[in-house]
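A.B. asks: We have chain A already, so just place chain B on it with the hints.
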Amino acid sequence: MSDPAGSETVHITSCPHDCGGRCVLKVHVRDGVVRRIETDDGEEPQLRACVRGRAYRQRLYAEDRIRTPLRRTGKRGQGAFEPVSWEAALDAVAERMLDIRQRCGNEAIMYIAYSGNTGTFLHSQLGVFRLLTLFGGFTPCWGSASFWGSLFSSEATYGTLAAGHTPDDILNAKLILMWGWNPAETVQKTNTAWYLARAREKGANIVAIDPRFTDSAAAFARDWIPIRPGTDTAMLIAMAHVMITENLYDRAFVETYTSGFEQFKDYVLGTSDGTSKTPAWAASITGVDEKRISALARLYAATKPAKLLTLGAPGRSAFGEQFHRAAATLAAMTGNIGIYGGEPAGFGLAPVGLKPEAGTGLIARRMPGNLPEGARQRKAIHITKLWDAILTGKGGGYGADYTMAYITNANPVNQFMNSNRAAEALSSLEFVVVHEQVLTATARYADIVLPVNTHLERNDIIRPWQGGHYCVYLKKVVESQHESKSDLDICRLLAPRLGIDAYGDMNDEDWLREFWQEARGMTHGEELPDYDAFKQMGLHRMPRQAPAIAFEHLAAEKPFNTPSGKIEIYSSTIAARNDAELPPIPTWIEPWEGPQAAGAGEYPLQLISTHSKRRIHSNMHTVGWLRDLEPHTVWINPLDAAARGIVNGARVRVFNDRGAVLIEARVTGRIMPGVVSMGQGAWYQPDENGVDRGGCVNVLLKDTHSPAGAFCSNTCLVEITKEP
Amino acid sequence: MQRGFYFDQSRCTGCYACEIACRDWHDIQDTSVRWRRVTATEQGSYPDVQLSYISLSCLHCAHPACRAACPADAIHKRESDGSMLVDADTCLGADACGACRAACPYNVPQFGPGPDAKMQMCTMCHDRLEEGKSPVCVAACPMRALDCGAMEELQKKYAECGAARGFSYSPQTCPSIIIKPRYE
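Chains as they are written, first to last, in this note's numbering: chain A, 1 to 724; chain B, 725 to 908.
Hint data in this document are derived by calculation from the structure and do not stem from the laboratory. The model shown is predicted, which means the values in this text are computed figures rather than measured ones. Beta carbons: idealized from backbone N, C-alpha and C, even for Gly. Accuracy of the hints is not assured; some may be wrong.
Said to hold, decoys possible - 30 Å max Cα-Cα, derived DSS-like pairs, lysine-lysine:
1. Lys558(A) to Lys265(A)
2. Lys202(A) to Lys880(B)
3. Lys558(A) to Lys355(A)
4. Lys26(A) to Lys558(A)
5. Lys857(B) to Lys842(B)
6. Lys857(B) to Lys535(A)
7. Lys857(B) to Lys26(A)
8. Lys801(B) to Lys202(A)
9. Lys174(A) to Lys26(A)
10. Lys857(B) to Lys881(B)
11. Lys857(B) to Lys202(A)
12. Lys801(B) to Lys904(B)
13. Lys881(B) to Lys174(A)
14. Lys379(A) to Lys26(A)
15. Lys558(A) to Lys535(A)
16. Lys355(A) to Lys394(A)
17. Lys75(A) to Lys475(A)
18. Lys75(A) to Lys355(A)
19. Lys904(B) to Lys202(A)
20. Lys174(A) to Lys904(B)
21. Lys880(B) to Lys476(A)
22. Lys475(A) to Lys857(B)
As the list claims (entries may be wrong) - Covered stretches of chain B, going by a simulated chain A footprint (3 or more residues, C-beta under 8 Å):
23. 737-751
24. 829-839
Chain A with its partners taken away, still in its complex shape (with noise of 0.2 Å):
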């Protein structure tokens, strides 16, 4: 920006996105124009950069940014706005809060947020958080659309999210089970698909269990174990039994740092509720013939280091915290915990680097008079509750009736389960404000919509927020396109008109010095340079020796931060809550809208949802370059397509109970007969008959979630037909 006429210069930043990565990116700017951008070719590891960080310049350049500040003229959702001024748009927005606050009270203001951005350490949705703390307070959402099955079963099973490993001990592994785990398309930490080429090519066995022949299977598995979805804590059960009956499991790891094994094993073996959980038993659930199910149990107990390695797709499910407590406990059966070339099974958070109170941790703890925290959680919403919330207010049992939403760092009616029931909700609410970059589907049900600029063009931290040997300086590289500012700059001019002084009191600079100072004693023991230091170079990347691994200190007097101190196979946490649908050991209980429902009932086809490598969630989905890689479709097998008639590259109808959706078939042996896919996050294009013609696998999702809070979006049933 202060760069000499004509002259070129390369910034390093990264992303600040919703993905399991966090890469590097050099950005070449001239003239205030971003020119090129390339990836990290320092020392290796390098940390290179996935196609959509290397097609950003279209995501910044964008013909669909929003430009000014938009005021609603049409219908919610039909996309008509005209321009405003800033100073007018604000003071609409001021107006309408304030009389809101007067007539229905803070808690009939709801704050709907997401992961817009994820690890950074200033702009977030926590800017606009302590904005509406400071107002007086507002309903906030709660819940995890990736993996809270997943961070569940960590804490009770664990005591700890920090039960993951670093990327690179992928190496050390000599058997790694893949389950529902496509890190060559979700990028699980930056290098994990290279690491797990290498292993293979070292000799590593790799196996995947999965509904589909993904990209990871197809690259690196000697083996594919198609399951049917939501099934898989069933499978796991039966590889418990195995190891049990013939003996195969480490029992001095089991009696040494486990408690509860006896009542799991009672429950397997069927003494305490009479049903032997053998691999047949299994079979007829899973689809999974019992020879592989003991074959696979024989292998995972036999090699040894070996790591199951998930994230969160088969616990997005009914029961899915049940999968991930089955998983940690195979991980301890096998003594795959502590030692490098294992794996606990759990949340993937390596404990290395920045901790994750470093970052957004921080702005959080300057939000006084927030409301205290059991209060705050009473209050909350689930986020696959909101609609539902919105539509039914105090008489559905809510806290209140809702009145306005405020939407920020979210695509809720696009990501969110039941799009159309989102459509409703929102169409029905007094006043809704929503801060974007484009017009998502969600911010054409704003009456307000305030465009926010992107990374590139303000200053901020990123750390990888599941853990890393490197934090990233994300550096402004060109002025705010249009007329964007940041999330904070917008709560800044907000504040004073919302009658609240202590807000503006520090600029982006002298809160990341602030915060970067702190941090620098929230790590794992590293030393990090100083602010200016680290602002110069970009990239700032740790000394390493070795893999970080979790609980590497198993001798510690108490190696696990559960109330025994050991991994709670039996979960007392779990007990205390006395919930017959959450039992205390791992348990197989039968979805709704699973296998056995399909076989009934008119919708016949399991539905999964999967990401696509071409976007971040609903992120990027209008970026050209990405868009025409690959058309979004909905995978079947050639016995369902044949059955109803389609042929690869038709249009057809998705749809059950809760909406339609019109898009392009793709016949494939890729996916297992009974189950058809969609890939999250294509935008949602209702016609005049609703019928959703953007592809939108949400409009067909069950707005629930499971008792631990799961988001269910691998538990759907529809139908398939093919378009006239």
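C.D. replies: Using the frame of chain A, we list chain B on its own:
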């Protein structure tokens, strides 16, 4: 000296980073023009299905059919490293000619929209090579599945393989590429 590419198909996950890095570096906005392209090949039937990707650009052949076919002498091979060079000013254009496209066994020559569109294709990032950098596709690959160098050295470094899913070696043009296939 003939410079060429190495592609490890066994590693490629079809992530498209190479294709988009190429597009960004050379500022090719039109998605119908693809200097480098990743394509998938699916074979077999459920559950014995096989999937492979291939990432190909101009293969900078030792005996390029495009050059032989060009009536305007618009296609050249650099003496320094055998990489291909197109003179857009001399090229007759897509509608008037298009002989190179018809001649190339790998469908490499690209023409944008419009009747006067001139041929364009991979330059092997000559601008980057001159700075001592690798082509942007090679530097982009998250799987480190691409390499670029003198064919003699690549042949020493990697076992030579002529065929892979989605590719057949043309003995007439002698493409400057070594591929490690995913499937035998």
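A.B. asks: All the hints need checking, so say for each whether the structure fits it.
C.D. replies: Hint-by-hint comparison with the structure:
1. Lys558(A) to Lys265(A): holds (24 Å)
2. Lys202(A) to Lys880(B): holds (21 Å)
3. Lys558(A) to Lys355(A): Measuring from Cα to Cα gives roughly 21 Å; hence the hint holds.
4. Lys26(A) to Lys558(A): violated (44 Å)
5. Lys857(B) to Lys842(B): Holds, because 28 Å separates the two Cα atoms, which is no more than 30 Å.
6. Lys857(B) to Lys535(A): Within the cut-off at roughly 26 Å; holds.
7. Lys857(B) to Lys26(A): holds (14 Å)
8. Lys801(B) to Lys202(A): Not OK: Lys801(B) and Lys202(A) at ~40 Å, beyond 30 Å, violated.
9. Lys174(A) to Lys26(A): Not satisfied, since the Cα-Cα distance of roughly 36 Å exceeds 30 Å.
10. Lys857(B) to Lys881(B): holds (19 Å)
11. Lys857(B) to Lys202(A): holds (29 Å)
12. Lys801(B) to Lys904(B): holds (26 Å)
13. Lys881(B) to Lys174(A): holds (27 Å)
14. Lys379(A) to Lys26(A): Answer violated: Lys379(A) to Lys26(A) is near 43 Å, above 30 Å.
15. Lys558(A) to Lys535(A): violated (39 Å)
16. Lys355(A) to Lys394(A): violated (39 Å)
17. Lys75(A) to Lys475(A): violated (39 Å)
18. Lys75(A) to Lys355(A): violated (45 Å)
19. Lys904(B) to Lys202(A): holds (16 Å)
20. Lys174(A) to Lys904(B): Distance ~24 Å between Lys174(A) and Lys904(B) Cα, so the pair holds.
21. Lys880(B) to Lys476(A): With Cα atoms ~45 Å apart, Lys880(B) and Lys476(A) exceed 30 Å; violated.
22. Lys475(A) to Lys857(B): Holds, because 25 Å separates the two Cα atoms, which is no more than 30 Å.
23. 737-751: Answer holds; 12 residues pass the 8 Å Cβ test.
24. 829-839: violated (count 0)
In the structure shown, a violation is registered for the earlier hints numbered 4, 8, 9, 14, 15, 16, 17, 18, 21 and 24, in ascending order.
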